[in-house]
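Mind docking chain B on chain A? Use the hints.
Residue numbers (the numbering used here), protein chains in the order written: chain A, 1 to 319; chain B, 1001 to 1325.
Read the hints as simulated data drawn from the structure, not as lab findings.
These numbers were taken from a predicted model, which means no experiment stands behind them.
Beta carbons: idealized from backbone N, C-alpha and C, even for Gly.
It is possible that some hints are incorrect.
[To be verified] Label pairs and their calculated CB-CB ranges:
| # | chain 1 | residue 1 | chain 2 | residue 2 | range |
| --- | --- | --- | --- | --- | --- |
| 1 | A | K131 | B | P1057 | 17 to 23 Å |
| 2 | B | G1074 | A | D291 | 34 to 40 Å |
| 3 | B | Q1034 | A | D220 | 36 to 42 Å |
| 4 | A | R288 | B | D1022 | 46 to 52 Å |
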Amino acid sequence: MDKHFYADLYRTMYRIRTFEKKIEEFSLKGEIPGFVHLYIGEEAIATGVCANLTHQDYIQSTHRGHGHTIAKGAQTDRMMAELFGKKTGYCKGKGGSMHIADFSVGMLGANGIVGGGYTLATGAALAEKIKKTQNVSVVFFGDGASNRGTFHEALNMAAAWKLPVVFVCENNEWASTTPYQTTTSVKDISVRAKGYDVPGVIVDGNNVLEVYEVSKEAIDRARKGQGPSIVEMKTLRIKGHYVGDPEMYRTAEEVQKRFRENDPITRFEATLLENELLSRKEIDGIIREIDEEIEAAVKFALESPFPDESELYDDLYID
Amino acid sequence: MREITFSQATLEAMKEEMQRDDTIFVMGEDIARQGGIFGQFKGLPDDFGTDRIIDTPISETAIIGSAIGAALAGMRPVADMHFADFMGITMDEVFNQMAKIRYMFGGQTKIPMVIRAPDGLIRSGAAQHSQSIEAWFNNIPGIKVVAPSNPSDAKGLLKAAIRSDDPIIYFENKDLYRQSGPVSEEEELLVEIGKAKVARAGTDVTIVSYSVMMNNALEAAEILEKEGYSVEVIDLITLSPFDEKTVIESVKKTHRLLIAHEAVKKGGLGGEVAAVVAEEAIDYLDAPIIRVGAKFTPVPFSPTLEEAYRPKTHEIVDGIRSMFI
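In isolation and in its complexed conformation, chain A is listed as follows:
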């Protein structure tokens, strides 16, 4: 792997973190309307998985979808504008945080319905199989979403037909405000793969290089027509379920302690420096570049107009 590979991974992770911090700030100030779910602490997953994908491949995201969208290649200025409800946003202000999408890069949408993405990703994979391409589709889902019936229906269909779709579980331990272990029959979601006769593997979801390597195997397998797999990324949700969540169900100390010890960005930075993959100077250069990019994205969003009332019926029907 060359320098660019590592620099790109770092850039994407830092871009997601910086974007999310800005979103949190403006959301708390009340300037970003609606419900917002942050991806802070889980950046390595979207980054490592999407590094294996082209724009012809698809992803289906979740309600916590900013990270996936950025990692798939969307522009942060148009994302920021969408979250502010502006006309210049990806969805012209009709979607917001929970319905962010960029079809031009194969990002088929965040989904406000937990577990809503599996069947859609499976269908996109079916289409690619019918078209006889090598493209794959990836569906991100949480530990909580693995208890939806859609998980079963989609995984069975994908496995029965050997469809090119990869099921990436982001096990961040929290199903909204409930610890997943209190409502879930298994500790490791990936063991559910056995019921469908597909591979199920566990990955340290805060180690971007491990995420990249293991998801590569699953994605390559899908590309070769060998069918779906479950890749379970162990991670931790650092922020509340949504911005403004009082988090009465856990202590901040416990979360912060684990974050300090296991921040995916700090860890990757240490790996990069230790193995001389990137220099301090190079890392600082990326940080400066992204800080400027996100500032510019905020400026773009703030200066953009809101949609006009006359746009209410736009894009409802085509014919």
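Chain B only, in chain A's frame:
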């Protein structure tokens, strides 16, 4: 003109469209090997192979969800629901995904898919295999709902639905499958979506109906004609969003309105048609609006009870007579 059945008409529509456009494929339960439980897919795998006529697992949620996903990836899927009643299993995919995706993503994509949903009473199918559920979807912006009442429209409407870039639910009444009627052999037989048809012109009263109940509406018009009433019968064809203009124009001419459908009367589409007419043309009415629909019970099993549940021609006839007293 040659006569074919409603079922054969839909089969011709599928064949012609699938030959024309290879992004069209069909998925559903028991459609490839069995040809559909009503024979409406018979022979299609011989022409198009099992890559395009796909037998699915019994997973209605995954059928609709994956059809949506395939549409996002550039295909034009047709998803068969076996029985319309089974759409209850798919409701998140229908109303939160299929109906919303284009709008909430700001027009970045389109969902050119058709859900074929066989509905209506059929010889003691009972509570879970006999319903007419079109009213559920009337309240959901972002989808279109259509229902043909005869073989010719069945063909033209299915072809138009497949060609449309909007997501469409195509209700096909099970009792109509074996009904024969004239169908043109012209390739471009298309029925315009969003437009109602005046099936029979008249001047004294308007009946608005659709699907299988059109048979009753036309029969009632014949009976009333002999009594001296000139009855206009409108076939809605597109149920949501429905053609308000054609209905209002007719009522302004006839000054009387009766709406008839096989679905349960309470909360049915008739209420919406009545409300629109009340809002737009109440001053033109010379009599109260009457709705004819099924009783407010689940569909009962026993033939005698099923008959008691079913809306009938004489209810339309009696309703219209009462408008002139």
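Hint check results:
The given range of 17 to 23 Å is respected by A/K131 and B/P1057, whose C-beta atoms sit roughly 22 Å from each other. Take B/G1074 and A/D291: their Cβ atoms lie about 38 Å apart, and the range 34 to 40 Å holds. Take B/Q1034 and A/D220: their Cβ atoms lie about 37 Å apart, and the range 36 to 42 Å holds. A hinted range of 46 to 52 Å holds for the C-beta pair A/R288 and B/D1022, which are about 51 Å apart.
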